[in-house]
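Residue numbering for the sequence shown is 0 to 77, as defined by numbering that gives the first Met the number 0.
Worth flagging that the hints you see were computed from the coordinates, not collected in a lab. Among the hints, a few may not be true.
Beta-carbon label-pair distances, calculated as ranges [as the list claims (entries may be wrong)]: (1) Gly24 to Arg64: 17 to 25 angstroms; (2) Val70 to Glu11: 26 to 34 angstroms; (3) Leu50 to Cys13: 28 to 36 angstroms; (4) Cys13 to Val59: 14 to 22 angstroms.
Each residue gets a CB set at the ideal place from its N, CA and C atoms; glycine is no exception.
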Amino acid sequence: MESVEVIARFNEQCQIDPLSFKREGRNYHVDAIGRRWEDDSGQHFLVMVPLERVFELLYVKSESRWYLKRVGMDRFSG
Numbered sequence: 000m001e002s003v004e005v006i007a008r009f010n011e012q013c014q015i016d017p018l019s020f021k022r023e024g025r026n027y028h029v030d031a032i033g034r035r036w037e038d039d040s041g042q043h044f045l046v047m048v049p050l051e052r053v054f055e056l057l058y059v060k061s062e063s064r065w066y067l068k069r070v071g072m073d074r075f076s077g
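Kindly generate the complete structure, drawing on both the sequences and the hints.
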């Protein structure tokens, strides 16, 4: 799990929407937010970026920090 910079906003339902994130000096624009859930570790978001790559972002509220949990899964795999 790696720490990443995320630009996010609160939507009309007061939910966090990640808009983009920065990893290894590269910015990734979030095209779509898929599944989201919350557990003991924080708020999880499956996000799609260009070329239909899917990433899992984790927001840990107690740390005010974002993490990248899973990297670049192909939407059509597995």
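Here is how each hint holds up against the structure:
At roughly 19 angstroms, the beta carbons of Gly24 and Arg64 sit within the given window of 17 to 25 angstroms. Distance hint check: the CB atoms of Val70 and Glu11 are about 30 angstroms apart, consistent with the given range 26 to 34 angstroms. For Leu50 paired with Cys13, a C-beta distance near 31 angstroms keeps the hint of 28 to 36 angstroms intact. A C-beta distance of roughly 19 angstroms is found between Cys13 and Val59, which places it inside the suggested range of 14 to 22 angstroms.
Violation of the numbered hints given earlier is absent; every hint is satisfied by the structure.
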